[in-house]
Amino acid sequence: MTDLIPLDPASAAAGLREAGEGARGFLGVDPVTENDALLTRRLAALDAQVFRAGDTLVGAAPNPHQPRQAYVASTSADEAALRALLGFLVTYRRATSYVALVERGAAATEALRRCGFAERGALRDHRHRSGAPVDVLVWFGKAAETCPS
Amino acid sequence: MRLRGYRDGDRALLTGRWLPGELLGLPLPGWPPLAEPTTVPPPSGPGDELCVAPGAFVRYTDIDWVGRGARVETGRAPDAPTPPEALLEAAVAHGFHRLNLRRLYGWVTPAAPAPTTALTEAGFTREASVPEHLWLGGRAVEREIWGALRHD
Amino acid sequence: MPFVTVRHFADEDIPLRLQLLREARFQANLSDFAVAASDDDLVADVRRTIAERQDERRIFTLCGPKGEVMGFAWITSIDWRNQTCELSFGVLPRHRGGPGALGVQAAHDYVRAELNMRVIVNQVLEHNTMLQSARTMAESRQVRCDYDSYTVGEWRSACYWSLTDEDMREQRAQKLARRRVLADRIRARTGELP
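Residue numbers (my numbering), protein chains in the order written: chain A, 1 to 149; chain B, 150 to 301; chain C, 302 to 495.
Isolated chain A, as found in the complex (with noise of 0.2 Å):
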């Protein structure tokens, strides 16, 4: 099982800069236009959490509307990462169900695809990368039953 550490705002966004172009869209954050005070208070407004998976960084963020349910994002195709993501969500968040918005093309599509988790439909257009616009694609898992809540 990989570990997961917990990293602090700071190192968060320091994270997500070294990352580079995998970080782009992570939780909707974009490290190319955003610097690491941008990245933070962005990171903040979101309730996010960002953990170091080995080299991949993964994150959650709580939706407001449905508190058993996580928006999750990750820089890496790594589905080890994801996995010890989805399952802290389960254990110490009591997540039912995750949400990712993922650039099309993204290295995480192939972790979430991994994960179980299936495309639901696709934003145009979505967001603007090296001058030309670029779709994002919604990915939708459900958590396994682990008991009943």
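Please keep in mind that the hints were generated in silico from the structure rather than gathered at the bench. You may find that some hints are simply not true.
Claimed, not checked - For each label pair, taking beta carbons as the anchor points, the in silico distance ranges come out as:
| hint | chain 1 | residue 1 | chain 2 | residue 2 | range |
| --- | --- | --- | --- | --- | --- |
| 1 | C | Phe304 | A | Pro6 | 32 to 40 Å |
| 2 | C | Glu471 | B | Glu234 | 41 to 49 Å |
| 3 | B | Asp211 | C | Arg473 | 29 to 37 Å |
| 4 | C | Arg490 | A | Gly105 | 42 to 50 Å |
| 5 | C | Pro366 | A | Arg104 | 26 to 34 Å |
| 6 | C | Arg419 | B | Ala235 | 26 to 34 Å |
| 7 | C | Arg481 | B | Pro191 | 55 to 63 Å |
To be verified - Using 20 Å as the maximum straight-line C-alpha spacing, the simulated SDA-like pairs for lysine to any residue come out as follows:
| hint | chain 1 | residue 1 | chain 2 | residue 2 |
| --- | --- | --- | --- | --- |
| 8 | A | Lys142 | A | Ala84 |
| 9 | C | Lys476 | C | Val405 |
| 10 | A | Lys142 | B | Glu291 |
| 11 | C | Lys367 | C | Arg397 |
| 12 | A | Lys142 | A | Arg68 |
| 13 | A | Lys142 | A | Arg120 |
| 14 | A | Lys142 | A | Glu119 |
| 15 | C | Lys476 | C | Arg436 |
| 16 | A | Lys142 | B | Ser278 |
| 17 | A | Lys142 | B | Trp284 |
| 18 | C | Lys367 | A | Ala19 |
| 19 | C | Lys367 | C | Asp314 |
| 20 | A | Lys142 | A | Gln66 |
| 21 | C | Lys476 | C | Ala402 |
| 22 | C | Lys476 | C | Asp466 |
| 23 | C | Lys476 | C | Ala407 |
| 24 | C | Lys476 | C | Pro400 |
| 25 | C | Lys367 | C | Thr306 |
| 26 | A | Lys142 | A | Gly121 |
| 27 | C | Lys367 | C | Leu403 |
| 28 | C | Lys367 | A | Gly20 |
| 29 | C | Lys367 | C | Gly398 |
| 30 | A | Lys142 | B | Leu285 |
| 31 | C | Lys476 | C | Asp410 |
| 32 | A | Lys142 | B | Gly287 |
| 33 | C | Lys367 | C | Gly399 |
| 34 | A | Lys142 | B | Arg288 |
| 35 | C | Lys367 | A | Glu18 |
| 36 | A | Lys142 | B | Glu281 |
| 37 | A | Lys142 | A | His65 |
| 38 | A | Lys142 | A | Ala118 |
| 39 | A | Lys142 | A | Tyr92 |
| 40 | A | Lys142 | B | Val290 |
Glycine included, each C-beta is placed from N, C-alpha and C at the ideal position.
Add chains B and C to chain A, keeping to what the hints say.
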């Protein structure tokens, strides 16, 4: 019809019995008497724009000035003189031509009866759905994301 | 790997930025507000820019191939709604000239492609030839403004010009055409058929 900017005197418009964050926020029938009404905050910072029409508000939030998009939510009082169709049309016109945005999107909840023809006529298309996204009436219900793009 | 990379200005760049603000040519050619300011005030001001004023102004650090700092670019008068901003440069003395020009190009590309700005306004004091010759400036200027700035005891005139998406496309086409002419000439000299 044109939207105008929010003023402090419009504050009463910001509270009502519609679903939080709903693209077309119409008063929900059968609102539980003990449930708090929905409230949107007055605008704060460059990521937020708030406008009003008679008896209704339009809020542009999570504005992405680089990606030129914003999430739209509206709220309309039960006796508002502005019909839902006119409200959406004005919201799209303001977002595209005054805020110079290229994409507007918002949440639509199928469990709440909403006239989707008003959305379609205003240029919105259903783009995605998220199961269990909103807690409503004691259970988690599906929500959809509808989006409109400016073509010019 | 591109020759010049653009990254966000960070705390560790502050000493170099201060050095530049205190340099005589910078003060005469751009702004001399640093003459009367203490180090502490300058540091506090630039920290505020990094932490709180990203919506109004941003500073970027231009780095060479080994990550060494070549200078800075900053955008001011940002109008997010209309997608315009003013772009300025301060290149460290040892990088002025050729590499500096590449830095200018990299910053223009970043502001346009990543920040999605459509019109970039340039302002250069007329006597400032640190990055371009007086001739180039006379060719590009659209507006000449007398008494624009008062630096180091003198009134300075400024040249203003804007660059739209169309201007950038045209510049790129011209550059390609010049390169083609040069390539043809080389081929002709080496006896190759075009």
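Against the structure, the hints:
1. C:Phe304 with A:Pro6: 32 to 40 Å: Hint holds: Cβ distance 39 Å, inside 32 to 40 Å.
2. C:Glu471 with B:Glu234: 41 to 49 Å: holds, 44 Å
3. B:Asp211 with C:Arg473: 29 to 37 Å: holds, 34 Å
4. C:Arg490 with A:Gly105: 42 to 50 Å: holds, 45 Å
5. C:Pro366 with A:Arg104: 26 to 34 Å: holds, 32 Å
6. C:Arg419 with B:Ala235: 26 to 34 Å: At roughly 31 Å between Cβ atoms, B:Ala235 and C:Arg419 fall inside 26 to 34 Å, so the hint holds.
7. C:Arg481 with B:Pro191: 55 to 63 Å: holds, 58 Å
8. A:Lys142 with A:Ala84: holds, 15 Å
9. C:Lys476 with C:Val405: This hinted pair holds, its Cα atoms lying about 16 Å apart.
10. A:Lys142 with B:Glu291: holds, 13 Å
11. C:Lys367 with C:Arg397: holds, 17 Å
12. A:Lys142 with A:Arg68: holds, 11 Å
13. A:Lys142 with A:Arg120: Given pair A:Lys142, A:Arg120 holds - Cα atoms ~13 Å apart, limit 20 Å.
14. A:Lys142 with A:Glu119: Between A:Lys142 and A:Glu119 the Cα gap is close to 12 Å, so the pair holds against 20 Å.
15. C:Lys476 with C:Arg436: Distance ~18 Å between C:Lys476 and C:Arg436 Cα, so the pair holds.
16. A:Lys142 with B:Ser278: holds, 14 Å
17. A:Lys142 with B:Trp284: holds, 16 Å
18. C:Lys367 with A:Ala19: The hint holds at about 19 Å.
19. C:Lys367 with C:Asp314: With Cα atoms ~16 Å apart, C:Lys367 and C:Asp314 stay inside 20 Å; holds.
20. A:Lys142 with A:Gln66: holds, 14 Å
21. C:Lys476 with C:Ala402: holds, 14 Å
22. C:Lys476 with C:Asp466: Given that 20 Å is the threshold and the Cα spacing comes to 15 Å, the pair holds.
23. C:Lys476 with C:Ala407: The hint holds at about 16 Å.
24. C:Lys476 with C:Pro400: Holds: C:Lys476 and C:Pro400 sit about 17 Å apart, inside 20 Å.
25. C:Lys367 with C:Thr306: The given pair, whose Cα atoms are some 10 Å apart, holds under the 20 Å limit.
26. A:Lys142 with A:Gly121: This hinted pair holds, its Cα atoms lying about 16 Å apart.
27. C:Lys367 with C:Leu403: With a Cα-Cα distance of about 15 Å, the restraint between C:Lys367 and C:Leu403 holds, given a limit of 20 Å.
28. C:Lys367 with A:Gly20: Judged against 20 Å, a Cα distance of about 17 Å means the pair holds.
29. C:Lys367 with C:Gly398: holds, 18 Å
30. A:Lys142 with B:Leu285: At roughly 19 Å apart (the allowed maximum being 20 Å), B:Leu285 and A:Lys142 satisfy the hint.
31. C:Lys476 with C:Asp410: holds, 15 Å
32. A:Lys142 with B:Gly287: holds, 19 Å
33. C:Lys367 with C:Gly399: holds, 17 Å
34. A:Lys142 with B:Arg288: holds, 15 Å
35. C:Lys367 with A:Glu18: Between C:Lys367 and A:Glu18 the Cα gap is close to 16 Å, so the pair holds against 20 Å.
36. A:Lys142 with B:Glu281: Roughly 10 Å separates the two Cα atoms, so the pair holds.
37. A:Lys142 with A:His65: Holds. A:Lys142 to A:His65 sits at ~17 Å (cutoff 20 Å).
38. A:Lys142 with A:Ala118: Measuring from Cα to Cα gives roughly 9 Å; hence the hint holds.
39. A:Lys142 with A:Tyr92: holds, 16 Å
40. A:Lys142 with B:Val290: holds, 14 Å
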